[in-house]
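J.: The lines below spell out each chain.
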Amino acid sequence: MSMSFLVDTTLCTACRGCQVACKQWHGLPAEETTNRGSYQNPADLSFDTYKLVRMKEEVIDGQMRWLFFPDQCRHCLEPPCKDTAGEESAIFTDISSGAVIYTANTKGLNIADIKESCPYNIPREGADGTLAKCDMCLDRVQNGLQPACVKTCPTGAMNFGRREEILALANRHLAAAKKKFPKAQLLDPGDVRVIFLTAYEPKYYHEYAIASGGSFDVTRHVALRRMLRPLAGPISLLR
Amino acid sequence: MTNHWIDIKNSDCILIMGSNAAENHPISFKYVTAAQADGATLISVDPRFTRTSSKADVYAPIRSGTDIAFLGGMIKYIIDKKLYHQEYVTNYTNAAFIVGKKFSFKDGLFSGYSAKNRKYDKSTWAFDMDKNGVPKMDRSLKNSRSVFQLLKKHYSRYNTKLVSEITGTPEKDLENIYKIYAETGKVGKAGTIMYAMGWTQHTVGTQNIRTMAMIQLLLGNMGVAGGGVNALRGESNVQGSTDHCLLWHIWPGYLRTPRSADSSLAVYNKNYTPVSKDPLSANWWQNYPKYSVSMLKSFFGERADSSNDFGYSWLPKVDDGKAYSWLDLFDAMYNGEIKGFFAWGQNPACSGANANKNRQGMANLDWMVNTNIFENETGSFWKGPGMDPTKIKTEVFFLPACVSVEKDGSITNSGRWMQWRYQGPKPLGNSLPDGQIIMDLGNKIKELYTKQPGAFKEPIANLKWDYLADGAYDPHLVAKEINGYFLRDVTVRGTDFKAGTLVPSFAFLQADGSTSSGNWLYCNSYTEKGNMAARRGQKDAPNDIGLYPEFSWCWPVNRRIIYNRASVDPKGQPWDKANWVIRWTGSKWEGDVPDGGWPPLLSADGKPDPKSKHAFIMRKHGHAQIFGPGLNDGPFPEHYEPLECPVEKNFMNAQRMNPTAPVYGGKADEWATCDPRYPYVATTYRVVEHWQTGVMTRYQPYLLEMQPQMFVEMSKELAELRGIKNGERVMVSSLRGKVEATAIVTARFKPFPVGGGTVHQVGLPWHFGWIKPENGREDSANLLTPNTGDANTRIPETKAFMVNVTKV
Amino acid sequence: MDVTRRHFIQISGATAAGLAVSGLGFDLRPVKAHAQMLKTKYAKETISICPYCAVGCGVIVHTSKKGDGRVINIEGDPDHVINRGSLCSKGASLAQLTENDQRVTQPMYRAPYAKEWKKVSWDWALTEIAKRVKDTRDSSFTFKNAKGQVVNHTTAIASVGSAAMDNEECWIYQALMRALGLVYIEHQARI
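Residue numbers (our numbering), protein chains in the order written: chain A, 1 to 239; chain B, 1 to 808; chain C, 1 to 191.
So here's chain A without its partners, still in its complex pose (with noise of 0.2 Å):
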């Protein structure tokens, strides 16, 4: 069954439950952190923070804005990382969820070039060489249950479903959203499994919102497909 989140930033209230229950069902460690004049904590994901709610203050269009933004691996219905690794048994994608998963056999592989390959910035590397990220709770989809983040979620932010069925929901949250604000979108909903809907532009909520996003420049492939994809409208690409 091929599987999908949407994660609605306007209805985030950095409550950050799905940041420790991630942590929590993983049993990952917690970090040391300090306060750098800021809520968000730790300051990005690692190999031992797969959830990471990323704050942002903006003022746009005169208005005070906080932004949430709940970052995490979108498991991309092509992954990058995969194709990278080329090596099945360190990466691949969970046949019964597409989930994207990674094992130890990551270690020895060129962590540098996976790393790099991910147009979100999400893989990280421990200590022990290998590189780690959200596993979409794989053990619990498996077993009927929702991935601990949605679980935990109340306000509806965090969604997770049978693909369709979150497509589906996702256009409908857009149209809500879209009457408080008029350029909400969702974030590459042809090409990934966490499908973001934003109210601004990505750019305000995090440097790698979206795949084309970050310091390089659009690609002439990049454009190319921008322009054979119908942006924010209703989404057809079902997988």
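Mixed in with the good hints, there may be bad ones.
[Said to hold, decoys possible] Beta-carbon label-pair distances, calculated as ranges:
no.: 1; chain 1: A; residue 1: 180; chain 2: B; residue 2: 493; range: 52 to 58 Å
no.: 2; chain 1: B; residue 1: 540; chain 2: A; residue 2: 180; range: 51 to 57 Å
no.: 3; chain 1: C; residue 1: 101; chain 2: B; residue 2: 775; range: 18 to 24 Å
no.: 4; chain 1: A; residue 1: 182; chain 2: B; residue 2: 386; range: 54 to 60 Å
no.: 5; chain 1: B; residue 1: 305; chain 2: C; residue 2: 101; range: 18 to 24 Å
[What the hints assert, rightly or not] Straight line, CA to CA, 30 Å or less: simulated DSS-like cross-link-like pairs of lysine-lysine:
no.: 6; chain 1: B; residue 1: 106; chain 2: B; residue 2: 116
no.: 7; chain 1: B; residue 1: 772; chain 2: C; residue 2: 118
no.: 8; chain 1: B; residue 1: 444; chain 2: C; residue 2: 115
no.: 9; chain 1: B; residue 1: 116; chain 2: B; residue 2: 101
no.: 10; chain 1: B; residue 1: 142; chain 2: B; residue 2: 102
no.: 11; chain 1: A; residue 1: 56; chain 2: A; residue 2: 179
no.: 12; chain 1: B; residue 1: 444; chain 2: C; residue 2: 144
no.: 13; chain 1: B; residue 1: 649; chain 2: B; residue 2: 153
no.: 14; chain 1: C; residue 1: 147; chain 2: B; residue 2: 119
no.: 15; chain 1: C; residue 1: 119; chain 2: B; residue 2: 383
no.: 16; chain 1: B; residue 1: 667; chain 2: B; residue 2: 716
no.: 17; chain 1: C; residue 1: 134; chain 2: C; residue 2: 147
no.: 18; chain 1: B; residue 1: 161; chain 2: B; residue 2: 142
no.: 19; chain 1: B; residue 1: 577; chain 2: A; residue 2: 179
no.: 20; chain 1: B; residue 1: 738; chain 2: C; residue 2: 115
no.: 21; chain 1: B; residue 1: 457; chain 2: B; residue 2: 444
no.: 22; chain 1: C; residue 1: 134; chain 2: B; residue 2: 322
no.: 23; chain 1: C; residue 1: 144; chain 2: B; residue 2: 270
no.: 24; chain 1: C; residue 1: 147; chain 2: B; residue 2: 383
no.: 25; chain 1: B; residue 1: 464; chain 2: C; residue 2: 131
no.: 26; chain 1: B; residue 1: 383; chain 2: B; residue 2: 772
no.: 27; chain 1: B; residue 1: 277; chain 2: B; residue 2: 611
no.: 28; chain 1: A; residue 1: 180; chain 2: B; residue 2: 179
no.: 29; chain 1: B; residue 1: 383; chain 2: C; residue 2: 134
no.: 30; chain 1: A; residue 1: 56; chain 2: B; residue 2: 161
Worth flagging that the hints you see were computed from the coordinates, not collected in a lab. Glycine residues also receive a C-beta, built at the ideal position from the N, C-alpha and C atoms.
Could you slot chains B and C onto chain A? The hints should help.
T.: For chains B and C alone, coordinates are given in the frame of chain A:
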């Protein structure tokens, strides 16, 4: 909460003011979000832009301590534009009552003020009574001495220009919010208020809430789905612990602690049992003696009978006119008057205002018992900052309690739902449930008094203390005692009950010793039908308004929305046809458990029904109080500045601060208002990642990871003024103490334009303490806060005070 | 132009849009078999209510039936009509509150002028506390106030707490304190 969590989804307009629900009651946002999805407007009013504000449709800033000015302006707006719910106000509130001629208001003072005693003679605020002893009324609301006309006059001064000068809220924001919220005055619309300590922790705390309650009454928002006055309580069982009255001034079920003048049970019952001469007033508290006697029977069992006043004299009396509240307790401790101290599941070294005073007071004790899960700043005060253990004599006993998932028992949430919990793992190590510790300690004390001579043994010897089963504390036995038993075979209301059976509801309690009930409010919670709090029924109300009447149990008598007789018109038909709560079928009520089964005020043909009762059954006269003559600081809320404030004078009236707020005058009680050394307003608050003083969160690595350090939030403007950069460590100081913190410089805080000048404000969480994290430099914001309090409740004013901020 | 592989998703997405997704069914049984094992599968399930704020969210506690019988997971109760399975960050950290090696698990005593705690037994602690209570109470007990009115109280012992206790515990606690004659009885609701 008059309503409950799920009910928030039914609202048309949600005002979050004096609370930060998204951060401190996060799951409430399931229902805030649901209401918004249904078209409701969310308004956030807060000194800083919070996670709640981030989800709001409308946000407005307000300077801490000026909520009455803000809300008083709304009252003026509602009256000037005639947006109130006329039929509701006329029939269900005391707007029509005529106030006596002695009442007046001038220069910020109500009639009857004594400057010497800082007290009012409230008799000058009395209503005019007719020859039958019923308040005189003018239901046209035109009489110049009517509550409505006095209200209109009182708030005529609260124009938006003046309100804006006081609050620092832009006038256009005030007008916008007034307009949006007043829309809920339309018949069938509901507005709700979600407030918390942002309103209570002020010298005018009670009146902050009263101002909003008055707005809710004017708009017809009390008793209806999606309405009410909703206190978001901060601890899992602070509702239950309040109901059971771990407070000096009340006994379980909000009965009054007897005063020294209450010389016998008869005098006591007479003094606190209100009498109404109005046949249409239910005056529910007329049942007071049934509840007090039943409670005494639960305390002392068979030892209590009519020959000994049911043990009334065995329970302590408080001296008339003296207060024994939190601030007074720590004042007495500081002055060496208290020798022994129980700090049971609480951490006053960090949670109390002016915490340095509390910490120093602890060094004056002979002994302390500290029960907790983790080591904390109270039990270990003797090794804290500035303490020399070799000079501190206080003996401390630390008793390790188990955590909640390791025991059975019930807690009551903010929506008054009593919910049963079950044991998962056994208590870790040698930790024990609090209940076991209390029972064992009680037995040790009883044993000692049996073996040895001692002072006034009777209450200890006679205390009913049979809540162990095979040596283990059994919460079911206590839960049944709290509900109450029939103690003799009796016939009540035509039904026979056997001795030893559980009382079905408080309507069956008696004042003759034939029933027991540890807390009348919980009578109906554990009956012959079983443990009602353990119910898990998933069935909702027929119109899906989220009542879930078969899930857990809620006081009183499983009524999910209290004051629900006001959700219908005088003929018993709901104001809101879709989200109705109760309705009269012509012969009975359907829906929620109604506030009494009496028929509506008017029959279907519009004739008054003499068998009916007024809507607000807990009030002596059956009407909700827009004019509240019982409070210490006046029948109408009035704006006063906090004890410590940034302005020389109150722009609203001639009194700078609440003239009846308690002020302590000792060396440790200093305060500084308009003092150039402490030029910035400060407030305290909580964040989602921690809880209270942090004893139950600072030890969790996952939570400390997200919020590792004490911080202070400030505007970019103030940071520039003080040369402070984001993320730098700074020192925040008041006249009473100082605390180090990391500066969060943010656009979410903005300077306030106040009275032609600029006022800066900062904010700090109060979750930290020196013991954890181990660096010892993260301490409590309460080292800064002043120990004055509300004029009625004496809740400390920790939400508005003055500080300085300097680079470290 | 500095083309990096961060853009691969865009490119591969475009070229692969029309391709079928068959051919991904690698046999990775050892990995998947491990993934499919739920850590809560053989645990005892009990329900409780979150001990933090007063929303009153339901939680499911998974306790190991083997070994030390400790908690292996706590998450939201989906059948609870208020939270429907959701929990905030504090609620989601409940397992870490319970299984925390910094919990105190033995009574402790700090003697006058001592610099350290020492571990003591429950019986010793409660016996000694009872003696202190009796001594202080007996020496401070006030039968009548200055006006000659009966008060039957002691103002030399005070108690604070606790909203962290269950209802039943609160009730017996206040009963004991009032029977002892305390009038300084306060707790979290006052602050």
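J.: Now tell me, hint by hint, if it's right for this structure.
T.: Now the hints, each set against the structure:
no.	hint	result
1	A/180 with B/493: 52 to 58 Å	holds (55 Å)
2	B/540 with A/180: 51 to 57 Å	violated (29 Å)
3	C/101 with B/775: 18 to 24 Å	holds (20 Å)
4	A/182 with B/386: 54 to 60 Å	holds (57 Å)
5	B/305 with C/101: 18 to 24 Å	violated (53 Å)
6	B/106 with B/116	holds (18 Å)
7	B/772 with C/118	holds (20 Å)
8	B/444 with C/115	holds (28 Å)
9	B/116 with B/101	holds (24 Å)
10	B/142 with B/102	holds (19 Å)
11	A/56 with A/179	holds (23 Å)
12	B/444 with C/144	holds (27 Å)
13	B/649 with B/153	holds (22 Å)
14	C/147 with B/119	holds (22 Å)
15	C/119 with B/383	holds (17 Å)
16	B/667 with B/716	violated (36 Å)
17	C/134 with C/147	holds (26 Å)
18	B/161 with B/142	holds (28 Å)
19	B/577 with A/179	holds (28 Å)
20	B/738 with C/115	holds (25 Å)
21	B/457 with B/444	holds (14 Å)
22	C/134 with B/322	holds (25 Å)
23	C/144 with B/270	holds (22 Å)
24	C/147 with B/383	violated (42 Å)
25	B/464 with C/131	holds (21 Å)
26	B/383 with B/772	holds (13 Å)
27	B/277 with B/611	holds (15 Å)
28	A/180 with B/179	holds (20 Å)
29	B/383 with C/134	holds (27 Å)
30	A/56 with B/161	violated (34 Å)
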